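Number of protein chains: 2
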Amino acid sequence: MKSDVEISQESSMEPIVKIADKLGISEDQIEQYGHYKAKVQFDPKTERNDGKLILVTSINPTTAGEGKTTVTIGLGDAFTELHKKIALALREPSLGPVMGMKGGATGGGYAQVVPMDDINLHFTGDFDALTEAHNTLAALIDNHIQHGNQLNIDPRQIVWKRVLDVNDRELRQVVVGLGGRTSGVPRQDGFDITVASELMAILCLATDLTDLKKRIGQMLIGYTYDRQPVLVSDLHVQGALTLLLKDAIKPNLVQTIEHTPAFIHGGPFANIAHGCNSILATQAALHFGDYTITEAGFGSDLGGEKFMDIVAPKLKKSPDCVVVVATVRALKLNGGADKNNLNTEDLNALETGIVNLKRHVENMQQYGKPVVVAINKFVSDSDAEINFLKDYVHNELGVKGAVINSWAEGGKGAVDLAKEVIAACDQPATFKPLYSSDNSLLEKINAIVTKVYGGTNVELSNKAKNALKRIEKMGYGHLPVCMAKTQYSLTDNAKQLGAPTNFTIHVSDLQLKLGAGFIVALTGKILTMPGLPSHPAALDMDIDENGRITGLF
Amino acid sequence: MKSDVEISQESSMEPIVKIADKLGISEDQIEQYGHYKAKVQFDPKTERNDGKLILVTSINPTTAGEGKTTVTIGLGDAFTELHKKIALALREPSLGPVMGMKGGATGGGYAQVVPMDDINLHFTGDFDALTEAHNTLAALIDNHIQHGNQLNIDPRQIVWKRVLDVNDRELRQVVVGLGGRTSGVPRQDGFDITVASELMAILCLATDLTDLKKRIGQMLIGYTYDRQPVLVSDLHVQGALTLLLKDAIKPNLVQTIEHTPAFIHGGPFANIAHGCNSILATQAALHFGDYTITEAGFGSDLGGEKFMDIVAPKLKKSPDCVVVVATVRALKLNGGADKNNLNTEDLNALETGIVNLKRHVENMQQYGKPVVVAINKFVSDSDAEINFLKDYVHNELGVKGAVINSWAEGGKGAVDLAKEVIAACDQPATFKPLYSSDNSLLEKINAIVTKVYGGTNVELSNKAKNALKRIEKMGYGHLPVCMAKTQYSLTDNAKQLGAPTNFTIHVSDLQLKLGAGFIVALTGKILTMPGLPSHPAALDMDIDENGRITGLF
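If you're matching them up, the sequences are chains A and B in order.
Numbering of the first sequence is given in the working numbering, commencing with residue 1 and proceeding in unit increments.
Numbering of the second sequence is given in the working numbering, commencing with residue 1 and proceeding in unit increments.
You may find that some hints are simply not true.
Since copy identity is lost for identical chains, a pair holds within one copy or between any two.
[Claimed, not checked] For lysine-lysine, the following DSS-like pairs were computed, each having C-alpha atoms within a straight-line distance of at most 27 Å: (1) Lys246 - Lys2; (2) Lys412 - Lys469; (3) Lys463 - Lys314; (4) Lys316 - Lys22; (5) Lys18 - Lys246; (6) Lys45 - Lys18; (7) Lys84 - Lys45.
Note that these hints are calculated values from the structure, not bench results.
Since the model is a prediction, treat every value here as computed from it, not as a measurement.
Put together the whole structure using the sequences plus the hints.
Structure representation (C-alpha cells):
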C-alpha cells in the first residue's frame with residue numbers, strides 16, 4: 001500500500017496557472033509560489049456571492065480520524081467528474097501536529113490536495129507570518145513597559161501571550177524577563193500554538209486589508225494598573241502588524257490529485273478558536289466557482305456550530321447544504337467498542353453508538369438547511385455494518401446519505417454522494433440562527449449547550465463569573481460566543497462518548513477577543529499549546545539527496 | 001527627498017524570469033515567488049567556479065551606518081553599466097532589526113535591491129523556516145526528557161536554546177516547563193534571535209541538501225548527566241529538520257533598481273556568527289556570472305576576517321579583490337568628533353580618525369589580495385574632506401580608491417570604483433590564510449587578536465579556560481574560530497574607536513558549534529538577543545487599503 005506522500009509525489013500536477021484558468025482566474029491575478037502554488041489577488045468587493053455553498057462537518061472525531069478532509073476533497077473531485085465548476089475552501093495544516101502525529105490535514109490516499117509536502121511544511125508562509133506578527137506585538141508590549149511604561153500597563157494583567165507553530169508543552173507556562181535591569185521586567189507568561197492566536201482568527205474573519213488593520217487595532221493586550229483595557233491601537237502598531245500580514249491575507253490556490261482547484265487559507269483550531277478557513281478563501285471560491293465545498297473543524301458541535309453562528313453572519317451567506325461525515329469505526333467506538341478491536345464486525349456497538357450521528361444530524365438540521373450523511377468507508381467495515389448505517393440514515397434519520405470511498409477511488413468514489421449534495425443544494429431552505437446578538441452572553445452559551453451539545457446546565461467558575469461581569473460592563477455582551485471545548489465528546493469531558501444527556505458544561509474562564517469580535521468560553525481542560533507524543537512523527541521523517549520525502553504520513 | 005520605500009515602490013521592476021535570463025538561467029530552473037522573486041534550482045556540483053569574486057567590507061561601522069550594502073549594490077549596477085555579466089550575493093535582512101531601527105539591509109536611495117518591502121518582510125520565508133526548525137528541535141529535546149529521557153540528557157546542560165526573529169530582550173533569560181507534571185521539566189532557558197542560530201550558520205555553510213543534513217545531525221544540543229555530548233543525530237531528527245529547510249536552502253534571486261541580478265540568501269549576524277550570505281548563493285553567482293560581488297557583515301575585523309578564514313576554505317575560492325568602504329563621517333567619529341556635529345567640516349578629526357581605515361586596509365592586505373577603497377560620499381562631506389581622504393588613500397596607503405555616490409546616482413555614481421575593481425581583479429595574487437588548522441585554538445584566537453584587531457593579549461575567563469580544555473579533549477581543536485565581538489571597535493569595548501594598540505581581548509566563553517564546524521569565542525558583552533529602542537521603527541510603519549507602504553525606512 002502506498003503512503004500518502006508517495007501518492008502525492010507520484011501524482012502529476014498541472015501548472016497552477018492552468019488550475020487558475022479553470023476558474024477563470026487570469027495569470028495577472030495570481031502570484032506564483034513555485035509552479036504549483038499561488039496566492040490569488042482578489043477584491044472581495046467585486047464578489048459574486050451566488051455560488052452554492054456546501055459545508056462539511058462530522059460526528060465527534062476519534063483519535064483514529066474520520067477522514068473529513070478526505071471526504072471533502074473526494075467530494076470536490078466528484079463534482080469535477082460531473083463537470084461542475086467547483087472550488088474547495090480548506091484550512092492550512094499547523095506544523096505542530098504535523099511534527100507530532102501521523103495523519104495530515106491534506107486528505108489521504110487518492111483524495112489529497114497537492115503538493116502535500118509543501119502544504120504541510122510552511123506552505124506559502126502564512127502561519128510563519130502570523131507567528132512573527134504575534135511575537136513582534138509581544139516584544140513591543142514588553143518594550144513599552146521597559147522604556148517607561150507610559151500607558152501604565154500592569155505586567156501581571158497582560159493577556160497577550162507569545163506563540164510558536166510547534167507542539168511544545170515546555171512553553172505553556174514560563175517566566176520571562178529575568179536577567180536584571182537591561183533584560184526586561186520579570187513576569188509570568190506562556191506560549192500558545194500559532195493556530196490559537198487571535199491574529200489567526202482575525203486573518204480568517206477579515207474581509208480585506210483595511211478590515212484586518214481595524215481588527216488588529218481593536219485587539220485587547222492587557223489592562224492598566226487601574227484595570228482599564230489596553231488595545232493594540234494604544235501602542236500605535238496596528239500598521240506594522242498589518243504590514244507583516246500583507247501577503248498572508250491573500251488566499252492560496254492549489255489543486256487536488258484530480259486537478260480540482262482548492263483554496264487553502266488560514267486554520268484556527270476548532271476546539272479553541274472558530275475552526276474554519278478564511279472568509280476570503282470562501283469568498284474567492286464562491287466568486288470563481290459555481291459550487292464551493294468548505295470544511296469546518298471537528299464535529300458539528302465545534303466547527304459546525306461556529307461556522308453557522310460566527311462565520312455565516314460575517315460571510316453574509318449560509319450553507320445551501322450540510323454534509324455530516326460518519327464512519328462505522330467511530331460510531332462503534334462511541335458505542336463502547338474497544339479501540340484496539342475496531343476491525344472486527346460489531347453491530348451491537350454500532351447500534352449503541354449511532355446516537356452520536358443522530359445528534360450531529362439534528363444539530364445541523366435545526367439551522368434550517370438540508371443535511372446529507374457521508375458514510376466514509378474503511379477497508380475493515382463489513383457489508384452488514386455499512387448496510388445497517390445506510391438503513392439508519394435513510395429510515396431513522398430520514399435524510400439522504402451515500403457511501404463514499406474516495407480514499408481508494410478518488411472522485412469516482414464520491415459520485416453518489418455528489419449527486420445527493422447537488423440535489424440538496426436546490427432545495428429551498430431558510431437559515432435559522434441559533435441565537436440573536438440581543439441575547440445575553442449567558443443565554444448564548446445556554447443555547448449552544450442545550451440545543452447543540454444536548455446538555456442541561458452551564459456552570460461558571462468564579463473567575464468566569466467575574467469575567468462575564470467585566471465583559472458586560474465594558475459593553476461587549478452583544479458579541480457571539482466561541483466555545484473552547486474538547487472535540488471528542490459533546491460534553492466537556494473527552495471520555496463521555498455517544499450522545500449524553502443531563503450534563504453540565506463547566507466554563508472556567510471567558511476571554512475577550514475584541515479583534516476577532518467574539519468571546520471565548522473555556523470549558524473543561526482545554527490546552528492552547530499541545531504537547532508531542534512519546535514517538536513524534538518527526539522521528540520517522542526524512543528527505544534524501546534527490547529531494548524524495550519519506551515519513552510525512 | 002524621497003524615502004527608500006518610495007523609491008523602491010516607484011521603481012519599475014522587470015519580471016524575475018527576465019532577470020534570470022540575463023544570467024542564462026532558464027524558466028525551468030526557477031521557482032517564482034510572486035513576479036519579482038524566485039528560488040533558483042542549482043546543482044553546485046556542476047559549478048563553474050572561475051568567475052571573479054569581489055568581497056566588500058568596511059571600516060568599523062558607526063550607528064550612522066557606512067552604507068556598505070548601498071556601495072555593494074551601486075558597484076554591481078556600475079558593472080551593469082559597463083556591460084559586465086555581474087551577479088550580487090547578499091544577506092537577507094532580519095525582521096528583528098527591521099522592526100527596531102530605521103535603516104534596512106537592502107541598500108538605500110538609488111542603490112537598492114527590490115522589492116525592498118518584500119525582502120525586508122519575510123521574503124521567501126527562509127528565516128521563518130529556520131525559526132520553525134530551530135524551535136521544533138527544542139521541543140523535541142524537552143519532549144524526549146518528558147517521555148523518559150532515554151538519552152539521560154541533563155536539563156541543566158542543554159545548550160540548544162530557542163529562537164525568534166524578533167528583537168525581544170524579555171526572552172533573553174526565561175524559566176520554562178512550569179505548570180506541573182504534564183507541562184514539562186522546569187529549567188532555565190533563553191531565546192536568541194534567529195540569525196544567531198547555529199542552523200542559520202549551517203544553512204550558509206552547507207554545500208547541498210546532504211551536507212545540510214549531515215551538519216544538522218552533528219549539532220551539539222547538550223550533555224548527559226555524566227557529561228557526554230548529545231548530538232541531534234542521537235535524537236534521530238536530522239531528517240525532519242532538513243525537511244523543514246528543503247526550500248530555505250535554495251538561493252533567492254531578485255534585482256536591483258537598475259535590474260542587476262542579486263542572489264540574497266541567508267544572513268547570520270557578523271558579531272555573533274560568521275556574517276556572510278550562503279555559500280550556495282555565492283556559488284550560484286560565480287556559476288552564472290563573470291563577476292560576483294559579495295558583502296561580509298560589519299568591518300574587516302568581523303565579517304571580513306570570517307570570510308577569509310571560515311568561508312573561503314569551504315567555498316574553495318578566495319576573493320580576487322577586496323573593497324573597503326569608508327565614509328568621512330565615520331572616520332571623523334573615530335577621530336573624536338561629536339556624533340551630533342558630523343555635518344560640519346572637521347579635517348582634524350578626519351586626520352585623527354583615519355587610522356581606523358589604515359588598519360582595515362592592512363587587515364585585508366595581509367591575506368595577499370589587492371585592496372580598493374570605496375569612499376562613500378554623503379551630502380554633508382566637504383570637498384576638502386573628500387580630497388584629504390582620496391589623497392591619504394593614494395599617497396599614504398598606496399592603494400587604489402574612488403569616490404562612490406550611488407545613493408544619489410545609482411550605478412553611474414560607481415563607475416570609477418568599478419573600473420578600479422576590475423583592474424584589481426586582474427592582478428595576480430596568492431591567498432595567504434591567517435592561520436592553519438594545525439594551530440591550537442588559542443593560537444588561532446591570538447592570530448586574530450594580534451594580526452587583525454591589533455591587540456597584544458588574550459585573556460580567558462575561568463569558564464572559557466574550562467571550555468577550551470573540554471573542547472580540545474573532545475578532539476575539536478582543529479576547528480576554525482568564529483569571534484563574537486562588538487562591531488563598533490577593534491577591541492572588545494564598543495567605546496574604543498580609532499586604531500587602539502596595547503589592549504587585551506577578554507574571552508568569556510567558548511561555544512562548540514559542531515554542525516557549523518567552528519568554535520565561537522564570546523568576547524566582552526555580546527548579546528545574542530537584541531532589544532528594541534524606546535521608539536521602535538514599527539511605530540511609524542503603515543500600509544493603506546491600496547497596499548501603499550509607509551515608514552519602512
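Verification of the supplied hints:
| no. | hint | result |
| --- | --- | --- |
| 1 | Lys246 - Lys2 | between (39 Å within a copy, 23 Å between copies) |
| 2 | Lys412 - Lys469 | neither (54 Å within a copy, 68 Å between copies) |
| 3 | Lys463 - Lys314 | neither (30 Å within a copy, 60 Å between copies) |
| 4 | Lys316 - Lys22 | within (26 Å within a copy, 49 Å between copies) |
| 5 | Lys18 - Lys246 | both (25 Å within a copy, 25 Å between copies) |
| 6 | Lys45 - Lys18 | within (25 Å within a copy, 33 Å between copies) |
| 7 | Lys84 - Lys45 | within (25 Å within a copy, 48 Å between copies) |
Checked against the numbered hints above, the structure breaks hints 2, 3 and satisfies the rest.
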